[in-house]
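Quick mapping for you: the protein sequence lines, in order, are chains B and S.
In terms of my numbering, the first sequence opens at residue 3 and continues consecutively.
In terms of my numbering, the second sequence opens at residue 3 and continues consecutively.
Watch out, some of these pointers could steer you wrong.
Straight-line distance between alpha carbons at most 27 angstroms, and here's what the computed DSS-like set of lysine-lysine pairs gives [as the list claims (entries may be wrong)]: (1) S:Lys163 / S:Lys12; (2) B:Lys83 / B:Lys26; (3) B:Lys220 / B:Lys265; (4) B:Lys230 / S:Lys265; (5) S:Lys176 / B:Lys265; (6) S:Lys176 / B:Lys201; (7) B:Lys34 / B:Lys220; (8) S:Lys176 / B:Lys163; (9) S:Lys163 / B:Lys201; (10) S:Lys265 / B:Lys170; (11) B:Lys230 / S:Lys176; (12) B:Lys220 / B:Lys86; (13) B:Lys26 / B:Lys265; (14) S:Lys163 / B:Lys265; (15) S:Lys254 / S:Lys220; (16) B:Lys230 / S:Lys230; (17) B:Lys170 / B:Lys34; (18) S:Lys230 / B:Lys176; (19) S:Lys201 / B:Lys163; (20) B:Lys265 / S:Lys265; (21) B:Lys186 / S:Lys45; (22) B:Lys176 / S:Lys163; (23) B:Lys265 / S:Lys170; (24) S:Lys12 / S:Lys253; (25) S:Lys45 / S:Lys33; (26) B:Lys86 / B:Lys163; (27) B:Lys83 / B:Lys34; (28) B:Lys176 / S:Lys265; (29) B:Lys265 / S:Lys186; (30) S:Lys186 / B:Lys201.
Hint data in this document are derived by calculation from the structure and do not stem from the laboratory.
There are 2 protein chains.
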Amino acid sequence: MSWAASYFTKQINLVSIVGGDFPKGEMDGLKKIGVDLEGLEIKDTGKTFFWAGRYHMNMISRDTLATDLNVLDDFNPVLPKTYKSSEFVMLGNLTPDLQEQVLDQLDGTQSFVALDTMNFWMDLAMDKLLEVIERVDVLMINDEEARQLSGEYALVHAAEKILTMGPKYLIIKKGEHGALLFDKENIFFAPGLPLAEVKDPTGAGDTFAGGFMGYLTKTGDISFENMKRAVIYGSAMASFCVEEFSLDGLKKLDTDIIESRVKEFAELVRFSL
Amino acid sequence: MSWAASYFTKQINLVSIVGGDFPKGEMDGLKKIGVDLEGLEIKDTGKTFFWAGRYHMNMISRDTLATDLNVLDDFNPVLPKTYKSSEFVMLGNLTPDLQEQVLDQLDGTQSFVALDTMNFWMDLAMDKLLEVIERVDVLMINDEEARQLSGEYALVHAAEKILTMGPKYLIIKKGEHGALLFDKENIFFAPGLPLAEVKDPTGAGDTFAGGFMGYLTKTGDISFENMKRAVIYGSAMASFCVEEFSLDGLKKLDTDIIESRVKEFAELVRFSL
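Please build the complete structure, drawing on both the sequences and the hints.
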């Protein structure tokens, strides 16, 4: 998320926790691109969160081979003072309790708060999740999660219902098929870019969120028209993410490469009547 | 297919076969909208092709409850003389043998021949199907079929391979997610319109083909730019099809309704950089 956002803004306040095993080089890399690590707790005696899985051919379904919460298990996020007035806030996909803890520490001057979550928290902690959803500006989930959260199958109806739960905007991610952006009056369909090779979809959602929030931060404009562009930038960043393993696709970019990828998205759906 | 095309052209030459049970009112309806029925064989002693199925919630998967070929079983399409010089030809999804029989009767002056097919014929009659594919200008299949036909998972590679098999254009249909149009140099992504209600997806593919071919016939322009518009018109017609049961969604349209639906597609993907 930070790597993706770093191409749009140099003021990134990271809040997270890692163990003593976390590679120092990665932290130096983050510092270099302007990420403030004051909010990163390093628990020397613990191990970093670990997930391993095997993706199916379609690169959507996957079998989880291992999930070790490790230091995440008793994470207690504390926001440094300078973070509390962050204008744009992205709440990553963790327990709704932790997301709420972060929300409670903000000073209330935020322009825009975004929330990522997943079916897992809907199954396990729906009440708390609904409390958090009520407090954010945009919710990002996938199509199945939108159906589960709303109890509606048609995404148009699902969106209508979710937009009564608090958020002004809803982003429904559909993997290779693209993403939908909704507010109460408008729908925008961001295409998925057909890629010749997908090596590793891990982190595509976070990369999307980083690109989306980075672009909003850079432009400071939260109109629907600009949010459409932010969804395209987020999609472009995600397309770089999945083309390479791990963070490899995200570390070697520059503005020209990103702009030219974004133009591919524009060209892909361009037609005149 | 004829109903969808009828909003764009009044010169539709239908080739098919029905039994004595086929409702006369439907034939009158087709005549009224300008469909030439000289190529429609009516086998009074036989019964019309019949299919019944149950769709799953996602409106893509379905269980077939009954398939009775009936008169289709020994269909032997004979083109009336006036049909043989048809400029635009759409070969519907039947056995590759029958499709070839129709191709063989054409006088060779066609501007554009389109082919619909499905996984069933790939499993059963791949060699003959490949012969037919070699002779057409555009192939219309869904994403799974493109993967099966090419042996490539990534649609970009699948398209590359299929475009070496004969067709100049390839349309990959992705149901609610939209459709992709390829030629050797270009890709176009036509969005799926998020619909509040889908009542009956039966015939959506044929309706798409009818709208697509109808629009090409009307405009007489087979450039990639115009073919993009044709894909949008086909998608718009398919969206009307699935909103109602059977042909109900297609019989009550007019140019204004269609144009306004097409504008919804344009608005759905519109963004500026």
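Each hint tested on the structure:
A C-alpha spacing of about 36 angstroms is found between S:Lys163 and S:Lys12, which places the hinted pair above 27 angstroms, so the restraint is violated. The straight-line distance between the Cα atoms of B:Lys83 and B:Lys26 is roughly 25 angstroms, inside the 27 angstroms bound, and the hint therefore holds. With a C-alpha separation of about 18 angstroms, the suggested pair B:Lys220 and B:Lys265 falls inside the 27 angstroms cut-off, and the hint holds. Among the hinted pairs, B:Lys230 with S:Lys265 is consistent with the structure: their alpha-carbon atoms are about 18 angstroms apart, no more than 27 angstroms.
Distance check on the hinted pair: S:Lys176 and B:Lys265 sit about 23 angstroms apart at the alpha-carbon level, within 27 angstroms; holds. Among the hinted pairs, S:Lys176 with B:Lys201 is consistent with the structure: their alpha-carbon atoms are about 22 angstroms apart, no more than 27 angstroms. The hinted pair formed by B:Lys34 and B:Lys220 meets the criterion: a straight-line CA distance of about 19 angstroms does not exceed 27 angstroms. Between S:Lys176 and B:Lys163, the direct Cα distance comes to roughly 26 angstroms. Compliance with the 27 angstroms bound is thereby established for this hinted pair.
For the proposed pair S:Lys163 and B:Lys201, the alpha carbon gap of about 21 angstroms is at most 27 angstroms, so the pair holds. This hinted pair checks out: S:Lys265 and B:Lys170 have alpha carbons roughly 25 angstroms apart, not beyond 27 angstroms. Taking the CA atoms of B:Lys230 and S:Lys176, the gap is about 23 angstroms. The hint holds against a cut of 27 angstroms. A threshold of 27 angstroms between alpha carbons decides the hint, and for B:Lys220 with B:Lys86 the separation of about 19 angstroms falls inside it, so the pair holds.
Distance hint between B:Lys26 and B:Lys265 is unfulfilled; the C-alpha atoms sit about 36 angstroms from each other, more than 27 angstroms. Under the criterion of a C-alpha separation no larger than 27 angstroms, the hint pairing S:Lys163 with B:Lys265 is consistent with the structure, at around 25 angstroms. About 20 angstroms separates the Cα atoms of S:Lys254 and S:Lys220, which keeps this hinted pair within 27 angstroms; it holds. Straight-line distance between C-alpha atoms of B:Lys230 and S:Lys230 comes to about 22 angstroms, which keeps the hinted pair within the 27 angstroms bound.
About 35 angstroms separates the Cα atoms of B:Lys170 and B:Lys34, which puts this hinted pair outside 27 angstroms; it is violated. Using a Cα cut-off of 27 angstroms, the hinted pair S:Lys230 and B:Lys176 holds, with the two alpha carbons roughly 23 angstroms apart. Simply put, S:Lys201 and B:Lys163 have alpha-carbon atoms about 21 angstroms apart, close enough for the 27 angstroms limit, and the pair holds. Of the supplied pair hints, the one linking B:Lys265 and S:Lys265 holds, its CA atoms being roughly 22 angstroms apart against a limit of 27 angstroms.
Under the criterion of a C-alpha separation no larger than 27 angstroms, the hint pairing B:Lys186 with S:Lys45 is inconsistent with the structure, at around 54 angstroms. A C-alpha spacing of about 26 angstroms is found between B:Lys176 and S:Lys163, which places the hinted pair at or below 27 angstroms, so the restraint holds. The suggested pairing of B:Lys265 with S:Lys170 holds, with an alpha-carbon distance near 25 angstroms, which does not exceed 27 angstroms. Of the supplied pair hints, the one linking S:Lys12 and S:Lys253 holds, its CA atoms being roughly 15 angstroms apart against a limit of 27 angstroms.
Distance restraint check for S:Lys45 and S:Lys33: the Cα-Cα separation of roughly 19 angstroms lies within the 27 angstroms cut-off, and the hinted pair is therefore satisfied. For the proposed pair B:Lys86 and B:Lys163, the alpha carbon gap of about 31 angstroms is over 27 angstroms, so the pair is violated. For the hint linking B:Lys83 to B:Lys34, the alpha-carbon distance of about 22 angstroms falls within 27 angstroms, and the restraint holds. At roughly 23 angstroms between alpha-carbon atoms, B:Lys176 and S:Lys265 fall within 27 angstroms of each other, so this suggested pair holds.
Note on B:Lys265 and S:Lys186: the hinted pairing holds, with a Cα-Cα distance of about 19 angstroms set against a maximum of 27 angstroms. Our distance criterion of 27 angstroms between C-alpha atoms is met by S:Lys186 and B:Lys201, whose separation comes to about 24 angstroms.
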